[in-house]
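Chemist: Next come the chains, spelled out residue by residue.
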Amino acid sequence: DAGVIQSPRHEVTEMGQEVTLRCKPISGHNSLFWYRQTMMRGLELLIYFNNNVPIDDSGMPEDRFSAKMPNASFSTLKIQPSEPRDSAVYFCATDGNTEAFFGQGTRLTVV
Amino acid sequence: ILNVEQSPQSLHVQEGDSTNFTCSFPSSNFYALHWYRWETAKSPEALFVMTLNGDEKKKGRISATLNTKEGYSYLYIKGSQPEDSATYLCALSGSARQLTFGSGTQLTVLP
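So the sequence lines, in the order shown, correspond to chains E and W.
Per our numbering, residue 1 is the first one in the first sequence, and the count goes up by one each step.
Per our numbering, residue 1001 is the first one in the second sequence, and the count goes up by one each step.
By construction, these hints were calculated from the structure, which means they are not laboratory data.
Note that CB positions come from ideal geometry on N, CA and C, so glycine has one too.
Incorrect hints may appear among the rest.
Listed below are several chain E residues computed to face chain W (Cβ distance under 7 Å; list not exhaustive) [unchecked claim]: (1) 42; (2) 55; (3) 65; (4) 95; (5) 99; (6) 103; (7) 104.
Quick list of the computed label-pair ranges, beta carbon to beta carbon [said to hold, decoys possible]: (8) E:16 - W:1094: 31 to 37 Å; (9) E:71 - W:1017: 33 to 39 Å; (10) W:1053 - E:10: 16 to 22 Å; (11) W:1005 - E:38: 16 to 22 Å; (12) W:1053 - E:5: 35 to 41 Å; (13) W:1051 - E:15: 43 to 49 Å; (14) W:1071 - E:71: 23 to 29 Å.
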């Protein structure tokens, strides 16, 4: 298995633009998590899904953030409109009942 | 809300030294305690998952213990090597295995 695959690896965008981050989970893992890494707050949970259903989105910072999981093999995290303070590394992780496996992350820079 | 504290924040040791760092938590109301190793520009990699008071896990030169009654976990590295340089993250998981991370201990092993 190729592990959790995230795209793009790097994204630079202008303030106000829409940004979509993508995640392909490990096949058979039924839980998917989106985390954000910043210098100020460390690694924090944004939202997680179980069997494609959003369970808890209380970590999503604002309404500008939304996430979907239309099927078991794909999830997106969208920011619209993006702001400079959204600059961070966004990780997707999936869990198959033992431990979480992280993707390589998407480094987002909003200028 | 789970609270996770790690100390020290950073640590420099000489190659060959043994070292340890601490993860503390005020409440034992969690499903499991996890240790992750995170190298720069890579994704966090799971080291250990522990659930029971008194648990001890070992992987090569690295080991960990869990004391839920007194609210701490230790990670030990025996005979540190330069390749052990990384940030070591402690996390607590809830019932859905969502992770709450500490801020990490950044270890630098000097050759």
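Chemist: Hints first: check each against the structure and report whether it holds.
Modeler: Hints, verified against the model:
no.	hint	result
1	42	5 Å, holds
2	55	6 Å, holds
3	65	17 Å, violated
4	95	5 Å, holds
5	99	4 Å, holds
6	103	6 Å, holds
7	104	5 Å, holds
8	E:16 - W:1094: 31 to 37 Å	35 Å, holds
9	E:71 - W:1017: 33 to 39 Å	49 Å, violated
10	W:1053 - E:10: 16 to 22 Å	43 Å, violated
11	W:1005 - E:38: 16 to 22 Å	18 Å, holds
12	W:1053 - E:5: 35 to 41 Å	37 Å, holds
13	W:1051 - E:15: 43 to 49 Å	44 Å, holds
14	W:1071 - E:71: 23 to 29 Å	41 Å, violated
Violated hints for the displayed structure, listed by number in ascending order: 3, 9, 10 and 14.
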